[in-house]
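Number of protein chains: 2
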Amino acid sequence: MKKITVHASTEYDILIEKGILSTCGNIIKEKISAQKIAVITDDTVDRLYGKVVGKSIREAGFDVVKFVFPHGETSKCADTLVNIYDFLCKNSITRTDCLVALGGGVVGDITGFAAATFLRGMNFVQIPTTLLAQVDSSVGGKTAIDLKGGKNLVGAFKQPVCVICDTDVLKTLTPEIFSDGMGEVIKYGMIRDAKLFELIAKNDQKTIWTDLEDIIATCISIKRDVVEADEFDTGERMILNYGHTLGHAIESYYHYETYSHGSAVAVGMCMMAEKTCEPETVKKLKSCVKAYNLPTSVPADIKELVPLCGKDKKRAASQLRFIVCKTIGKAEIHTMSFDSFSIWMES
Amino acid sequence: MKKITVHASTEYDILIEKGILSTCGNIIKEKISAQKIAVITDDTVDRLYGKVVGKSIREAGFDVVKFVFPHGETSKCADTLVNIYDFLCKNSITRTDCLVALGGGVVGDITGFAAATFLRGMNFVQIPTTLLAQVDSSVGGKTAIDLKGGKNLVGAFKQPVCVICDTDVLKTLTPEIFSDGMGEVIKYGMIRDAKLFELIAKNDQKTIWTDLEDIIATCISIKRDVVEADEFDTGERMILNYGHTLGHAIESYYHYETYSHGSAVAVGMCMMAEKTCEPETVKKLKSCVKAYNLPTSVPADIKELVPLCGKDKKRAASQLRFIVCKTIGKAEIHTMSFDSFSIWMES
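Order-wise, the sequence lines are chains W and U. Numbering of the first sequence is given in the working numbering, commencing with residue 86 and proceeding in unit increments. Numbering of the second sequence is given in the working numbering, commencing with residue 86 and proceeding in unit increments.
The shape of chain W in the complex, shown without the other chains (with noise of 0.2 angstroms):
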């Protein structure tokens, strides 16, 4: 079992091992002295793995109850909120009670948002299911619902007491949710980590599996580092974002349906890359990209796209905030007008 430590305004580890879901149970034991669990999950995870996860934790003496609720983006919405609250209020959990979410980034988001704020805040545990979930949401503490104006306009800043990163569980993702996450990986290894990049450029969809722990495991790290260098993402973090404001905009301008989110990131690297980067790199990140079946370029004319960064919530009034990487492993914050941006990008 590899295991991380996360040193944010609460510690807590996150556990990643083959084959360690149907241990959760006595884990979660350990970490908190709580006498009920919710677990709240999505249709599709419920069907492969609600089962086990709550044997799991029944027979580590917790009470539990379970929310489901219909898989997609298009549930992490204030109803499927209100609903959590309100089955949370119906099954009278208490402060002290705890919270799994059991699932994708949607599922860990919005779990993440109701323990956060129902009760003005309780313990969850997160158990992501998705390559991209384990990447990506389970350091951060960051939780979110989207509005109809934009995705993760509304959230708070809330740590797990653990995270539960069941590789075996990857195996069960489609090629294309796999590919999904695999477009954050790339991204770790663009901003922060050359040897990560070429590990994952060496191999491809199909042979990534063998080195797929140490992967995830050094994703985790880095962001780990980053995060605990700016818990409350007023800096430093912001390299996270790379690829993510153009990203962001492309999953807006096709209204979230067209391409995932890790799609909309590969695209967006590839954009500002071509942008800022020697043809070389630009190669290179490329033809990792495609390895992982994820696109380089979308149909939207820039002039499209454009506009659309403005929504994204780090924009600071006027000014737009951006991450470029000019070599492999190495990323800048760079600050612009939002004008000279639309001038630079359509120039």
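Copies of the same chain are indistinguishable here, so a pair counts whether it falls within one copy or spans any two.
Think about it this way: if two alpha-carbon atoms lie no more than 20 angstroms apart in a straight line, the pair counts; the simulated DMTMM-like pairs of lysine to aspartate or glutamate are: (1) Lys140 - Glu102; (2) Lys287 - Glu298; (3) Lys388 - Glu359; (4) Lys233 - Asp164; (5) Lys236 - Asp171; (6) Lys415 - Glu321; (7) Lys371 - Glu283.
Simulated from the structure, these hints should not be mistaken for lab results.
Fit chain U to the supplied structure of chain W, relying on the hints for placement.
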């Protein structure tokens, strides 16, 4: 002008002065560098003070937008919250902008929660316009909305950048809403300050005005001291809940319609005093409560109220914690099993 500085996770000032409302724009300007200010208020307060506040903020150089919702506790719900979020989103409010909560407890609670969660947190200023909001919500950083299942069940801890209390605005309160605030004012005397209690007790609703600025400042100072010792409400801060365990039950039993918060707390204090105080103390408390047109009892049978105490979110599993003041000015935290509490109260 009286100034009380609160040292919470962030430091901020509470400013108390007659007529301060018309200069609020410049006060806010000294504190923050926002571009836009979104004023959140209800229709009653907007009619009275919307213009003067808007003008002052605009003249201080901010862009101003305003969201007005129907007055009353029923507005403190998820629907209003989502409408506020959508409004902020449509008006392109960014993280570096600022919200202003102009109104009573409902406005302060929901606006504070919106500020805690929109874009994962932004600045807000409180301008409490009721006595209750000035002495209670202005310190402590508790923000919340209600659920169908209970009051304040969803919320966050969020400190304002400053609080502006204009005692002139209290003159436009109905006698009922003024009394509502007096419930909490009496509570401060009971839990911490026998001298304050005597000052309140020697006055009544008609004569209190000359001492009001001092009384408000004393109440706020008491709450400040208690909250500073326990910002996240894990111990000592519980004493602020004197009268509230039964008070919340009364509010809930009557569906938040018959008894105001202050009235319910007044009854809660009297009921608890009858169980724990010398007859002389009970008499003093009841006489003071009556002088401010607050009730000392409710028709509901104690047997019907006690089960509703379990809905209080301070209830840690099967244990109930509640506050006892055996003498005026001194509060103790008691813990009892829920069953023992039922038997004791019903005896």
